[in-house]
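Colleague: Letter by letter, the chains look like this.
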Amino acid sequence: MAMLALPSDGGAKNGEVLGLKRTLISRRGVHPHEAGGGKRETGTKPIERAARPSVVAIPLTQHIGASCKPLVKPGDKVLLGQKIGEPDGFMSVAVHASVSGVVKGIQPRTLPGGQRADAIVIESDGLDQWDPSLKGADDLRDPAKLIAMIREAGIVGMGGAAFPTHVKLSVPKDRPIDYMILNGAECEPYLSCDHRVMLEETEEALDGLEIAAGIVGAKRKVVGIELNKPDAIEAMRKAAEGKGIEVRALKTKYPQGGERQMIEALTGRQVVSGKLPMDAGCVVINVSTAAAISRAIRKGLPIVERVVTVAGAVKEPKNLRVRIGVDIESVIEQAGGAIEGANKIVLGGPMMGLSGYNPNTPITKCIGGVLVMVDRGKADRPRGNCIRCGKCVAACPAGLMPLDLYALSNKEFYERARDERSLADCIECGCCDYVCPSKLPIVHFIRVAKHAVTRK
Amino acid sequence: MEHNGLRRVSSSPHIRAEHTIASMMLEVVIALVPAAAAAVYFFGWRALIIMSVSVASSVAWEWVYNRIAKKPQTIGDLSAVVTGLLLAFNLPVTVPVLIPIIGSFLAIVLVKQFFGGIGANFLNPALAARAILMVSWVGYMTGSAFSAAVRGVEMVAATTSATTAATGAVDAVTAATPLAMAGNYSLVQLFVGQCAGSLGEVSKLALLVGGIYLIVRRIISWKVPVLMIATVFVAKWISSGSVNDALYAILSGGLFLGAFFMATDYATSPVTSTGRIIMGVGCGVLTFVIRELSPMPEGVSYAILIMNLAVPLIDRYTKPRVYGEVKRHA
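In order, the protein sequences belong to chains A and B. Counting from 1, position 280 in the first sequence corresponds to residue 280 in the numbering used here; the numbering is continuous, with no gaps. Counting from 1, position 233 in the second sequence corresponds to residue 233 in the numbering used here; the numbering is continuous, with no gaps.
Bear in mind the hints are in silico, worked out from the structure with no lab data behind them. For every residue, glycine included, the Cβ atom is placed at its ideal position computed from N, Cα and C. Incorrect hints may have been included.
Which chain B residues face chain A? A few, computed with CB under 7 Å, are given here [claimed, not checked]:
no. : residue
1   : Leu6
2   : Pro13
3   : His14
4   : Glu27
5   : Lys71
6   : Ile75
7   : Gly117
8   : Ala182
9   : Pro312
10  : Arg321
11  : Val322
All chains, full assembly: derive it from the sequences and hints.
Modeller: In C-alpha cells, the structure reads:
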C-alpha cells in the first residue's frame, strides 16, 4: 500500500493558536539559531525591486532534468519573457529572457551547484519590452493544457529543489490526490522571501494553489505556515476565507518545510521510502511556485524574476526581486556589500544551501537566498571523536542513526551504510551536523557514501 | 567588491549549534558541584584533597598518554575532569592519596585511551577503575574505610566498630558497608547525606539537584536515571511489600550517583530512545538482583558495567523507525 496510516501523534495535535489549528512536526528536528541577522531582520522588510541589470546570463539548466536547447544565437534581438531555451524531454522546462535586448553569446557559467554549464548571455536594451505573444489561459478546465502552459512558463520548484512543476502535477489517473498542499513553512533560518511573498502576493499564491488543486483533482487544499510568521498566517487566512482552503500553523522547527515532513505534519501520512508524495495522495508546492503558476495561467507570464533574501554578513540585509540570470556579486552589492571578515557565499538557506564561490554565478529560479557568511573553518570544526551523545539520533527527521552512517562512511563501508542503516533515506537536511558537539561533517560523509553507492 | 574574500567552499549545513564537547562536559562538572560541596561538608577537607588529586591526575594521565602516543591533545574537552571527579566520588574519604592516582591511570589510560579515547571506550572509565581498585585494595575501598566520622552522626563509627569486633574482620568487609548500615539512618538523613558512604554518593539531595540540572539542560535524557531508580524502587516494593523498605533501597548506596552520572555516560550508554529505556530498566533490575542475591555489598557499579557491555547490542536492536519505511512482515 502506498501510504501508511500512523498513530494519532503523527498527525494533528491540535491547539488553538491564532484561532487556527496548530500542527506539530511529527518527528524530531532542530531549532537552528540565526547568528548575525535572520528572519526577524528581513521578514519585516517589504520586497524591493532590484536595479535593472545591464547584462544577464540565463543558464539552460535551471532544473533537475535535461538541459534546454537554445532557441537563439548571438546577435539575435530578444524580448522580455521570450522563450530562449526549448525543453528537451519530459523532465525539462523552458527558459526565458529576463530582459529585452541582444544575445551576446552562449557562454559557460558556474551554476549554484558548482557545475559549469552553458548560459545565454543577453545585454539589456534598458527597455524591458515584453514579448507580446504571452497570453493567459481562457479555459481552466483542461488539465493537460494547463500543465503544458506551466511547463512553457519554465516553472520549477522555487523552494530550492528545482523539480519541474509540470512533472509534479502530472498525476496518473490511478493515483487519487487527497491533499494539495501549499508550503509556506520557510523553515530555513535567515530566509524570508516566502514570508514576504505570502504577505505581498497573497492572492496570487492562493490562486496558484487553487489552479494546481484543480489540475490534480485534489479533495482538500491546505496551507502550512510556521508559527514564527503570524502576519503571514493572518494574511493567508483572511484571503483564504470562503475558498475552501485550510490555513494551518505549524510549530517552528526545522525541517518543517521539508516536503515529506510537511506532508506528515499536515496529514499524518508518511511517504513510503523511495516513493513520491503523490503515492501518499499528496502534492506539495512552494508559495513562490504557486504565485508563479498563477501568473503563468492568468497572464501567460514565464518566470523571469524571483524574490531573493540577501542576508547574513551584508551591510543592509533585504528582500530583493531580482531578474533570473543576474550575477550574485551584484545582488550582494545591492544589499550594501559584504561585511569585512566575511568569506563565504551561501546560495539558499544556511542548512541546505550551496557554497557559491564564483561571484559570476547567475541567480537561477530555485535560489531563494544569497547569504554572506563568516566561516572560521577548522576553528569551527575541530572534528573530534564522536562521543555518542545521541543528539543526532534524536534530531534526525528521517529516523536514521547519523552517527553510524558517519562512522561507516568514514571507514568506506558504503554498502553497509546503504543496507544496514538506510543511507538512501537521508534527506540531507543537516540536523545531525547542526547538533553535533564534536562538529563532525556528518552530512558530507553521507553524501560521499551516497555518491559511492550510486556510482557502482 | 572584494571577491577573493568570498571564495570559501564547504558542505552544508553552514551554521552549527554552539555547544561543544567541552561545553557539555562543563555542564556535567557544574552538575557535580553540589555533590562535591556536600562531600566536603560531610567528610571535611580531606574530601577536597581526594577530589583534587583525582581530577589533576586524570587530566595529567591523559596529557601524558597523548604525548607518548603522539595523539592530538584532548585534555581541553574536560572529559578527564569529569572522569576524575566521578572516580573520587566513588572512593571513601579515608583512602591513601595514591589510590586516586592509580585509579585515574586505570580509568583514563587503560579503559579510555587504549580503546581510542573519548567516545570509544566500552566501559565507564570511573566505574571500571573502581572495580579494579576494589579487588586490588579491598581494605582501602570497603569496610572500615567507611566508618570515618560523618558530621552529625557519631553513632556510625560506634556501630561499625561494634560490628567489626563482633563478627571478625572478614565479615566486616561486607557487613560494615554503607548499604548494610543504611538501617542506622533515617530516610531524611540518607536523603540529605548524613550517612556513611563514598565521597560523592552520600547526598542524594545534591545528586538530585545536579541530575535535574543535566536533564533540564538536555545534557542527559531523563529515561536512564528515572527508570533505573524507579525499577529498583518497584522491585524492592514488590519483594518486601514495604514502601519504607523501597525508599531505603533507593536512598542508600550509590544508586543516585550511578543513575544520574554513571549510567548516562555517553560512550557507554545507548544512543537510541528505546535503548535508553532498556538501559535504565536493565541497570535497575541488575542493581536489585546483585544487592539481594549476591554477597556483594553494592550492586550499582556492577549493574552499570554489565549493561555497558550490552550497549552495542541494544543500539543495534533499537534502531528508530525510518521515515517511510514499510514493515517487512506486514
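Colleague: Does each hint hold? Answer for all of them.
Modeller: Going through the hints against the structure:
no.	hint	verdict
1	Leu6	holds, 5 Å
2	Pro13	holds, 3 Å
3	His14	holds, 4 Å
4	Glu27	violated, 11 Å
5	Lys71	violated, 11 Å
6	Ile75	violated, 12 Å
7	Gly117	holds, 6 Å
8	Ala182	violated, 34 Å
9	Pro312	violated, 10 Å
10	Arg321	holds, 5 Å
11	Val322	holds, 4 Å
In summary, the numbered hints that this structure violates are 4, 5, 6, 8 and 9.
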